[in-house]
Amino acid sequence: MPRRRPPPDDSPQDRWVVSYADFITLLLAFFVVMYAISTVNEEKYRALSEALSGVFESGGRVAGNGGQPLEDDLAVGDRREPEAPPIEIDAPDEARSEQLRALLDGLRRRFSPRIDDGEMKIDGNDLWITIELRAAQLFPSGSALPQIEADALLGDIAELLVGLDNPIHVEGFTDDRPIETDQFPSNWELSAARAAAVVRILALNGLAPQRMAAVGYGEYQPAYSNRTAEGRSRNRRVVVVISRDERVRRAVQAFGSQQISTDAVSELLQPEPASPPPALEQVETQSGGILYRQAEPEAR
Numbered sequence: 001m002p003r004r005r006p007p008p009d010d011s012p013q014d015r016w017v018v019s020y021a022d023f024i025t026l027l028l029a030f031f032v033v034m035y036a037i038s039t040v041n042e043e044k045y046r047a048l049s050e051a052l053s054g055v056f057e058s059g060g061r062v063a064g065n066g067g068q069p070l071e072d073d074l075a076v077g078d079r080r081e082p083e084a085p086p087i088e089i090d091a092p093d094e095a096r097s098e099q100l101r102a103l104l105d106g107l108r109r110r111f112s113p114r115i116d117d118g119e120m121k122i123d124g125n126d127l128w129i130t131i132e133l134r135a136a137q138l139f140p141s142g143s144a145l146p147q148i149e150a151d152a153l154l155g156d157i158a159e160l161l162v163g164l165d166n167p168i169h170v171e172g173f174t175d176d177r178p179i180e181t182d183q184f185p186s187n188w189e190l191s192a193a194r195a196a197a198v199v200r201i202l203a204l205n206g207l208a209p210q211r212m213a214a215v216g217y218g219e220y221q222p223a224y225s226n227r228t229a230e231g232r233s234r235n236r237r238v239v240v241v242i243s244r245d246e247r248v249r250r251a252v253q254a255f256g257s258q259q260i261s262t263d264a265v266s267e268l269l270q271p272e273p274a275s276p277p278p279a280l281e282q283v284e285t286q287s288g289g290i291l292y293r294q295a296e297p298e299a300r
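Counting along the sequence shown from 1, when you hit position 185 you're at 185 in UniProt numbering, and nothing is skipped either side.
Hints are not guaranteed to be accurate.
Claimed, not checked - What follows is a list of derived Cβ distance ranges for each label pair:
#, residue 1, residue 2, range
1, 285, 23, 26 to 36 Å
2, 285, 250, 50 to 60 Å
3, 287, 92, 26 to 36 Å
4, 284, 22, 38 to 48 Å
5, 223, 108, 12 to 22 Å
6, 254, 181, 26 to 36 Å
7, 226, 92, 22 to 32 Å
8, 20, 287, 32 to 42 Å
9, 165, 123, 13 to 23 Å
10, 250, 224, 22 to 32 Å
11, 263, 163, 50 to 60 Å
Claimed, not checked - Derived SDA-like pairs: lysine to any residue, alpha-carbon spacing no greater than 20 Å straight-line:
#, residue 1, residue 2
12, 121, 111
13, 121, 159
14, 121, 224
15, 121, 221
16, 121, 261
17, 121, 102
18, 121, 110
19, 121, 108
20, 121, 137
21, 121, 267
22, 121, 226
23, 121, 287
24, 121, 104
25, 121, 256
26, 121, 149
27, 121, 16
28, 121, 134
29, 121, 158
30, 121, 156
31, 121, 136
In case anyone wonders, no lab produced these hints; they're calculated from the structure.
For every residue, glycine included, the Cβ atom is placed at its ideal position computed from N, Cα and C.
Let the hints inform the model, and build the full structure from the sequences given.
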């Protein structure tokens, strides 16, 4: 019996052509849209370039300046050195400086008899106040144990400071005569112990311990000559320093209140100057537009 052949397939063999034609049509439409968008953007860029070119060709006239030229022309790509900012005191700092000046006047009035007798020396400026006390008024010779008179004197000082929040540190100094005991191997230890004793008495009289510190300079920051007995007596001293704020206290404490000037502290308090902005250069693009980019540093 002969084998039956399958009927011929009459379906078209080129069905993929339809899908391919649809794909080509969509691709063509996509490129048409992209071309239209690029044409619009090019017109916008050209308008922007013409506007910017007009600014640079008009001798520096800018909108918002009434059409008037700038004070001086600066070529594109040139660098303008930034002007140094004026030294100004912030309003809060100025208020605290005023408070410090009022405190200085009050201290001088309160202790005027002691100042006249040379027992106490009070100086000050807009940044800090120093109250210099002779060690002989506070401590026996070669000792850091306060005398009874020290409690009364330091209590009077604390009375004027207790209502304020200014940072305080106490500096201890000695003369150049060496000391060598079991308790104080050198003048470092003696000066630091005396400063700490003063801080402790001030704290007992109501001053917050958090706002105080003690530092000993030993014999290495003399304010008077050690060649005379009077000079050595004055070098054995304790100085109470009341600062305007914590920044001033750190600067003064780092160098010593009698070793640093107000100008030096003011300079330390100034913020770092801002770096100048980078120079720009103008570059024309192939389509006629203008591009601004950071200028390359000059070769040295």
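Subject >> In rising order, the numbers of the hints this structure does not comply with >> reply: The structure breaks hints 3, 7, 11, 21, 23 and 27; every other hint is satisfied.
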